[in-house]
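Asker: If you want the building blocks of each chain, they are given just below.
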Amino acid sequence: MNAHVNQNSVSAIDNIAKGDVLLQVDNISLSFGGVKAITDISFDIRKGEIRAIIGPNGAGKTSMLNVINGFYHPQEGTISFMGQQRTKMRPYVAASQGISRTFQNVALFSGMSTLDNIMAGRCLKMHKSFFWQIFRHGPALDEEIEHRKVVEDIIEFLEIEHIRKDPVGALPYGLQKRVELARALAAEPILLLLDEPMAGMNLEEKEDMSRFIIEVNEQFGTTIALIEHDMGVVMDLADRVVVLDYGKKIADGKPAEVQADQNVIDAYLGVAH
Amino acid sequence: MELLYNIFIDPFVQMGAMPDFLLQVLWEGFVSGILYALLALGFVLIFKASGVFNFAQGIMVVFSALSLVSLYAAGVPAYIALALAILIMAALAVTIERVVLRHLVNQDDIILFMATIGLSYFLIGFGELIFGGEPKAMITEELGLPTGSTTFDIFDGILILQHIDIAAAVIAAILVAVLAIFFSKTRIGRGLRAVADDHQAALSVGISLNQIWAIVWFASGIVALATGIMWGAKSDVSFALQIVALKALPVLILGGFTSVPGAIVGGLIIGFGEKLFEVYWGGLLGGGVEGWFAYVIALIFLLFRPQGLFGEKIIERV
Amino acid sequence: MPSKGNFIEGNEPVTLPQYMLLNSTRFADLTAMRHKDKGIWQSWTWAEAYLQIRVFSIGLSELGLKPGDKIAIVGQNRPWLYWTFCAAQALGAIPVPVYADSVAEEMVYVLEHAEASMALCQDQEQVDKVLSIGDQLSKLKKIIYDETKGLRDYDHTNLHSIEDVKKLGEVVLEREGDAHWLEGVANGKGDDLAVMLYTSGTTGKPKGVMLSFDNLVISARNANEFDHLDSSEEILAYLPLAWVGDHVFSYAQTYLCGYCVCCPESPDTVEENRREIAPTYFFAPPRVFEVLLTSIIVQMEDAGKIKKKMFDYFMAHANKVGEPILNGESVGFLDRLIYSLGEFFVYGPLKNRMGFTRLKVGYTAGEAIGPEIFKFYRSLGLNLKQLYGQTEASVYISAQPDGEIRADTVGRPSPGVEIEIDDSGEVLYRSPGVFVGYYKDEKATASTKNKEGWVRTGDAGFLDHDGHLKIIDRAKDVGKLEDGSLFAPKYIENKLKFFPNIKEAVAFGDGRNMVCVFLNIDLTSVGNWAERNNISYASYQELAAHPEVYATMESHIEQVNKDLADEELMAGAQIHRFLVLHKELDPDDGELTRTQKVRRSFIAERYDVLIDALYDGSKEQFVETEVVFEDGRKGNISATVNIGDVKTFPATFSQNEAAE
Amino acid sequence: MFYREAGQYKTNYKDDLATFPILQDRIAIGIYLVIAFVAIPIFGNDFFINSMMIPFLIFTLAAIGLNILTGYTGQLSLGTGAFMGVGAYACYKMTTIFPDINIIILVVLSGVFSAGIGAIFGLPSLRIKGFYLVVTTLAAQFFLEWCFIRIPWLYNYNISGAIEVPQREIMGVIITGASASPTARYLVVLSVVVVMTWIASNIIQGRIGRSWMMIRDMDIAAELMGVRPLQAKLSAFAVSSFYCGVAGAMMVFFWLGAAEVESFDVNQSFRILFMVVLGGLGSLVGCYMGAAFIWMLPIMITIAPSIFGLDINAATVEHINFMMIGGLIIFFLIMEPHGLARLWSLAKQKLRVWPFPY
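Just so you know, the sequences run in chain order A, B, C and D. For the first sequence, the positions run 1 to 273 when this note's numbering is used. For the second sequence, the positions run 1001 to 1318 when this note's numbering is used. For the third sequence, the positions run 2001 to 2660 when this note's numbering is used. For the fourth sequence, the positions run 3001 to 3358 when this note's numbering is used.
Hints listed in this document are in silico derivations from the structure and should not be mistaken for laboratory results. For clarity, every value in this text was computed on a predicted model and none was experimentally measured. A few of these clues could be false.
Below, a list of computed lysine-lysine pairs in the PhoX-like style, where the Cα atoms sit at most 25 Å apart [claimed, not checked]:
{"hint": "1", "chain 1": "A", "residue 1": "Lys-165", "chain 2": "A", "residue 2": "Lys-125"}
{"hint": "2", "chain 1": "C", "residue 1": "Lys-2597", "chain 2": "C", "residue 2": "Lys-2647"}
{"hint": "3", "chain 1": "A", "residue 1": "Lys-88", "chain 2": "D", "residue 2": "Lys-3350"}
{"hint": "4", "chain 1": "D", "residue 1": "Lys-3014", "chain 2": "A", "residue 2": "Lys-125"}
{"hint": "5", "chain 1": "C", "residue 1": "Lys-2440", "chain 2": "C", "residue 2": "Lys-2451"}
{"hint": "6", "chain 1": "A", "residue 1": "Lys-165", "chain 2": "D", "residue 2": "Lys-3129"}
{"hint": "7", "chain 1": "C", "residue 1": "Lys-2139", "chain 2": "C", "residue 2": "Lys-2205"}
{"hint": "8", "chain 1": "A", "residue 1": "Lys-128", "chain 2": "D", "residue 2": "Lys-3348"}
{"hint": "9", "chain 1": "C", "residue 1": "Lys-2149", "chain 2": "A", "residue 2": "Lys-149"}
{"hint": "10", "chain 1": "C", "residue 1": "Lys-2360", "chain 2": "D", "residue 2": "Lys-3010"}
{"hint": "11", "chain 1": "A", "residue 1": "Lys-165", "chain 2": "C", "residue 2": "Lys-2476"}
{"hint": "12", "chain 1": "C", "residue 1": "Lys-2309", "chain 2": "D", "residue 2": "Lys-3010"}
{"hint": "13", "chain 1": "C", "residue 1": "Lys-2038", "chain 2": "D", "residue 2": "Lys-3129"}
{"hint": "14", "chain 1": "A", "residue 1": "Lys-125", "chain 2": "C", "residue 2": "Lys-2375"}
{"hint": "15", "chain 1": "C", "residue 1": "Lys-2308", "chain 2": "D", "residue 2": "Lys-3010"}
{"hint": "16", "chain 1": "A", "residue 1": "Lys-149", "chain 2": "D", "residue 2": "Lys-3010"}
{"hint": "17", "chain 1": "C", "residue 1": "Lys-2476", "chain 2": "C", "residue 2": "Lys-2597"}
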């Protein structure tokens, strides 16, 4: 009755202690056809923390996430995840290493139900061969059921039971965001990247989402890196904050320190909010 | 060894041995390249302005040419028939906009594409019902187009140039020039460009999307008519052309979907490539390679440069 | 296999834990409990449920639950909450279910009054609530919770999950076996205290009604026999655990004959879950049936023309022949044929949508049900019946036997129940179900139950010539107008509430010169009407004040007046003036009880300016009211409420009818 | 109206995951199967079975194939005809080379060839999307068509260039060739199509089908969730082509009896595409409806005038047919882009909530 999300499969390869560096980003630069999106950025994400990446529009926040999960390949700099330096790799490799994410503009699989969307998050953990899939009996069905149970735990955790079988396309925005979080959680990530999880939400939805993010962090010990626009939210949620502006890092530290930083104040005053 | 020789050496030996023949082949390639370019031009016009990949461009070529020929056969003087054919294309453009496109605004590209396939089927049935399915001869002379040929002595051999082919090249050049002027100098033309860039922006400067769609379809109808006349003059006007017209696709792949110069360069590449390959390498494969060569070229090309010849590198965003 | 109990084999069990023991063998493989959880109906057989209860019960004992201790049970219908009843009773402890939606002050009173030493909470919300009042609970030692979510980081010194308690039990089971525990169960006696149910009470503080096992077991056995219920039944447990009805239907009766209790996923999904389960035995207050019917009518308003026509035609036909067919009377072949067509096209699908496809017996109780509503369901072929009961009677006082169903009575005295009407018209009863007493309240017990065991119901009523009981109103509410004519407010209110547009009505008139009413419109029904007529409104308040709504209300009241004019006793109590309240009556504001009954005196006090306006002839009146929002914040709403006048009719009652 | 879902609750995930969770649906499927396997063979005449049912079923299978690729994986293809051809020619060659092997096995094996070829032509889909992919599938279409003409080995150097079906039997019943009875051929085709529909439905509901739909709905997100685009797309191409290949083989062996390259030309590709679009992208039942519609409509148009005593020549009917299909495609894209399947599911939904409108 009170099953928890099974973390066994992850902890087997996750031998980093809480508080140690999980992801190290060193001197990353990224440009598109001469336009610099990110310039010489370094920071780290430590195991078990909620790390926020903030900055005004166009500061390179989303590009940074895209670099972390292998969607963009930086021209310079290195990234190491769980102590291993990585070379160019495809996003699915990052996913299989335990990096999972949500998107700024909800990127759900619009033709599928909530349940299937979250099941989709389990795809890396499902392996039964094509042969068994043909029959959808025996091992394939057992596997499906086993993962369904995990998905149901997540559904319960995020309180989306009532939309379980609804197509996601028709859901209100706030719920879509929640389903997306559920999908990312279904992958049992070591590092969870959230790209503006609270964008476009009303106050109540924001409070719910903050609660879920904290609970994910506390209950499952998932390390979270999140991008957010809303300074207030970040200051409440994050353990440490890195601030970007025009593709450069201008501050890094605890929320209070960052908030007092003159560079940060200038950057934020410089743009209309 | 022999195979390698046949593939890599022998064709070039032959080219060197008979340069006049090579020239002749290149000319033929040039001419079909022009026609491909014209076909592609019709696609580009519509795609540029509306983002619709118009699968029915081929049938529009056939339909316009058949209208012209049938009107003449019904006793209408050639030039009046030409004018009427243009009017028919205008009517067709307006009808398509009213009946089809208007209802599909904001749909996925793929839906619009399918709709043009449906349109193409409809026009095939409709065309065959009105004009009959059998091939017809183009009224080349009656339209005042040259028909003869000139023979040049060159490299100890001869080069035969059909006058109609020369005319085709000239007309294509004129069309392209006119279109270029139309796009850059006229208000409507600039409007079209605005639409292509940004629908909202276009609306804000007071251009009706519906009008624009009708206009581009009409413009591409005229291009289709020109293509139909030229093509008809070389062979007959028949519905089989419709399948040939699909070759505009690989042309577009090479040239890019929105570029007029790209369409021309792409057309020429395909035209030259196809003829040379057919003549010098086709024999090795048993001939008839024209049917697929263009596609395979495009396919190979795509693998190395998915954004096309003139397209910019695509940056995917999340 | 669960081990056999050592209460004397072959003897009838007398306590519910003893029944559990019996069921674990006689119904071992039948499903005892289902719960929609994680997307499917998780199920437990009696044998499985028994094992859960046993280990949990032993764990509770380890945790310090002693015979005579009270354990509060706070939450919605969940298997573990029901099992806790049995687990506690097996130890001789007394479960005290508490309304899940009661606010902190109410809970303080109940827990403190009951001297609960433990509390079982369904989830974090309830745990938080209990913790927030912890310093006011002198006796509470331990809190146990079912759903772990969010509770991980709480201080667990005195907080335990059910799993933790079970682990305690497992250790003991392994070490000592279950003999000691079984002995405790076997020693249970029929007159042991089984449960304490706090009545919400329309006035004053809640009172703890003490029921013994004999009360529950005998009442439950009689009820099961009365309706021929057996182990094949499936019911949906969706009413509050603290309500005697749920306790008897979903707990006592279940244990007696072994049917399956299904717990819905959440209160929001009851409709959907009922559709899935299709209960065979169903119990609901009239409100549920009203809401259901209203939603049917509203939905059919939106249906296509043909479908609507068809619906109307077949419903009219059912209205004509449905009840006779259900009652087994002779009905013409053609009528039967049309009825069976209707069954295919309308009745069957309707029952399917409502989840009543498999319904054997349905009951409505608590309040009078509208005759039209009652007839609607019966004409569909649903065996819906009325009963009259009380917490103090372990529910059953009277019930309608099959074949003797009438909308205006609550049936004959239930098996084993005697009924008397005293001089003031108040109904008294005596039965095996009569409660032991009010906990720590000798005075109240004595004023309700006399030495011979007769209990005052507090309701006025009479037995008609068929021996059916007819209830008019609360005895103390029945009053007189200045001119001496009888004024039964509930009677009038119920007549008003039979209109789908009227959600709630409060009548005034005792000691005054005329009858006036407050109304609440039904937002679903009236809102739908507004939508169809392009009447836009931003809030309940705006819609309620709409002139056309007032016109509609006026016509409804006129209809009621016409009806009243027909009745000998009531003709003098026709409604003269009315108003539509600017807000919905709400239990959070204390205007309704948790069981959605109006608290007339409270309302009269709260809206005294409005009442004054009704009686001084004003056309409108400004009023400002403090309200509690859902999140607990308080605020004020104010409005100027219009007052309408209604036509009354001369009494048409004739002597011939009376003689009939 | 027919649905009585009350009381049909699921107590385990296996039931909850069932393809047809509603009892009434299972009954309906049973009835359809009885009609298809019993009633039609008994009551259907040769014309009905041979000219309507057999091609309908074969096209359904091809449509399922294309739907897997286009409807479920979002990869538009105009090469269906050619992939059917690969199956047909492969099967023909195998019957020549292995005359003793059961024909059904060969038909299924021919799908494997088709799957291989399909996967090869699916390779570009890794880098190419949308219209660009149409070009690569057209390349496959025209190149393979050319192969069917220019490689005489494929048709055993027949002078006519056609492949002709030899006579084969299973368990003593002749099922291919000129003397095979329509009923025998029908039952073979029906069995294969039913089994393969079941398999398709299984795959689609499972891990692999989900990865296809992920690619279709949002390929970038899919990759970030760990789907390998290569595996997902190529498996879709392979499975899709397998279905088309089997359909092509059956078309020749159990319906036409002989075939030339024209049977597999680009018009065939279009026809299957229309079936999928009209029937409904991303729906298996839509494949049946689309195939029935596109195949039966012309027959109706042919028959209808004669019923009313009108004499319209075949060519005219053919032209009207083209117009109708083209017009219908446009009509459906405008009115109901999800095709007949959506109408079907809307109707089903209506019946489920009957008598309520929602």
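Asker: For every hint, state whether the structure bears it out.
Answerer: Right, here's what the structure says about each hint:
Of the pairs offered as hints, the one joining Lys-165 of chain A and Lys-125 of chain A holds, with about 22 Å between alpha carbons and a cut-off of 25 Å not exceeded. A distance of roughly 28 Å separates the Cα atoms of Lys-2597 of chain C and Lys-2647 of chain C; the hinted pair therefore is violated under the 25 Å criterion. The suggested pairing of Lys-88 of chain A with Lys-3350 of chain D is violated, with an alpha-carbon distance near 52 Å, which exceeds 25 Å. With a C-alpha separation of about 19 Å, the suggested pairing of Lys-3014 of chain D with Lys-125 of chain A holds against the 25 Å cut-off.
A distance of roughly 18 Å separates the Cα atoms of Lys-2440 of chain C and Lys-2451 of chain C; the hinted pair therefore holds under the 25 Å criterion. Between Lys-165 of chain A and Lys-3129 of chain D the CA atoms are separated by roughly 30 Å; this puts the pair beyond 25 Å, and the hint is violated. Only pairs whose Cα atoms come within 25 Å are accepted, and Lys-2139 of chain C paired with Lys-2205 of chain C is accepted, the gap being roughly 20 Å. Between Lys-128 of chain A and Lys-3348 of chain D, the direct Cα distance comes to roughly 33 Å. Violation of the 25 Å bound is thereby established for this hinted pair.
Only pairs whose Cα atoms come within 25 Å are accepted, and Lys-2149 of chain C paired with Lys-149 of chain A is accepted, the gap being roughly 16 Å. Between Lys-2360 of chain C and Lys-3010 of chain D, the direct Cα distance comes to roughly 22 Å. Compliance with the 25 Å bound is thereby established for this hinted pair. Under the criterion of a C-alpha separation no larger than 25 Å, the hint pairing Lys-165 of chain A with Lys-2476 of chain C is inconsistent with the structure, at around 52 Å. In summary, the hint linking Lys-2309 of chain C to Lys-3010 of chain D is not supported, as the alpha carbons are separated by about 36 Å, beyond the 25 Å threshold.
Between the alpha carbons of Lys-2038 of chain C and Lys-3129 of chain D the distance comes to roughly 39 Å, so the proposed pair goes past 25 Å and is violated. For a cut-off of 25 Å, the pair hint linking Lys-125 of chain A to Lys-2375 of chain C is broken: about 56 Å separates their Cα positions. This hinted pair does not check out: Lys-2308 of chain C and Lys-3010 of chain D have alpha carbons roughly 33 Å apart, beyond 25 Å. Annotation: proposed proximity of Lys-149 of chain A to Lys-3010 of chain D holds, straight-line Cα distance about 14 Å (limit 25 Å).
Using a Cα cut-off of 25 Å, the hinted pair Lys-2476 of chain C and Lys-2597 of chain C holds, with the two alpha carbons roughly 15 Å apart.
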